[in-house]
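Asks: Residue numbers (the numbering used here): 277 to 372.
Warning: the hint list may mix true and false statements.
[Claimed, not checked] Label-pair ranges, simulated between beta-carbon atoms:
1. Glu-279 with Met-365: 42 to 50 Å
2. Gly-303 with Gly-363: 36 to 44 Å
3. Val-367 with Trp-311: 36 to 44 Å
4. Arg-286 with Met-365: 33 to 41 Å
5. Arg-298 with Val-367: 20 to 28 Å
6. Gln-364 with Glu-279: 43 to 51 Å
7. Ser-344 with Leu-305: 18 to 26 Å
8. Val-315 with Phe-351: 15 to 23 Å
9. Pro-307 with Arg-366: 32 to 40 Å
Note that these hints are calculated values from the structure, not bench results.
Computed from a prediction, not measured in an experiment: that's the story for all the values here.
Backbone N, C-alpha and C fix where the C-beta goes; we use that ideal spot for every residue, glycine too.
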Amino acid sequence: MLEPRELLARLAAQVTTPGGHRVRYHGVLAPASAWRPYVVPASDQTGDSSHCNRGGANVPRWKRTAWSELLRRVFAVDALICDHCSGQMRVMATIR
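Let the hints inform the model, and build the full structure from the sequences given.
Replies: Structure (structure tokens):
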């Protein structure tokens, strides 16, 4: 059993800072780990000069990933599958 203040302290410790990452990696998957290149697949990103117009084509260095794809990767949840019929859903509107 927790006292009310203990419960609130534990819950407050779980809240991330505004703009902070919600998933943190440690150990071999940490960003500064010496073993990270051996366990994380190599990305298909090109060099630093690919985002500018030097030498021709303007190829963006980073591409945006859809929010549904990010949810699937991080939390293993497919947000675009209907709970009732298991059919594929699509985004119709975004309301801010």
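Asks: Could you see if the CB distance from Pro-307 to Arg-366 stays within 32 to 40 Å?
Replies: The hint (32 to 40 Å, Cβ to Cβ) holds, given that Pro-307 and Arg-366 are roughly 34 Å apart.
Asks: Mind checking the hinted window 20 to 28 Å against the Cβ distance between Arg-298 and Val-367?
Replies: Holds: the Cβ-Cβ distance is about 22 Å, inside 20 to 28 Å.
Asks: Can the suggested window of 36 to 44 Å be confirmed for the beta-carbon pair Gly-303 and Gly-363?
Replies: Hint holds: Cβ distance 39 Å, inside 36 to 44 Å.
Asks: Take a look at whether the Cβ-Cβ distance between Val-367 and Trp-311 falls inside 36 to 44 Å.
Replies: Given a distance of about 38 Å, which is inside 36 to 44 Å, the answer is holds.
Asks: Does the beta carbon distance between Glu-279 and Met-365 stay inside 42 to 50 Å, or does it fall outside?
Replies: holds (44 Å)
Asks: Given the range 33 to 41 Å, decide if the beta-carbon distance of Arg-286 to Met-365 lies inside it.
Replies: holds (36 Å)
Asks: Tell me if the beta carbons of Ser-344 and Leu-305 are separated by a distance inside 18 to 26 Å.
Replies: Check passed, 23 Å falls within 18 to 26 Å.
Asks: The hint says 43 to 51 Å between Gln-364 and Glu-279; measuring C-beta to C-beta, is that right?
Replies: The hint (43 to 51 Å, Cβ to Cβ) holds, given that Gln-364 and Glu-279 are roughly 48 Å apart.
Asks: Would you say the C-beta atoms of Val-315 and Phe-351 sit inside 15 to 23 Å of each other?
Replies: With a Cβ separation near 21 Å, Val-315 and Phe-351 satisfy 15 to 23 Å, so the hint holds.
Going down the numbered hints, you'll see the structure goes against none, and every one checks out.
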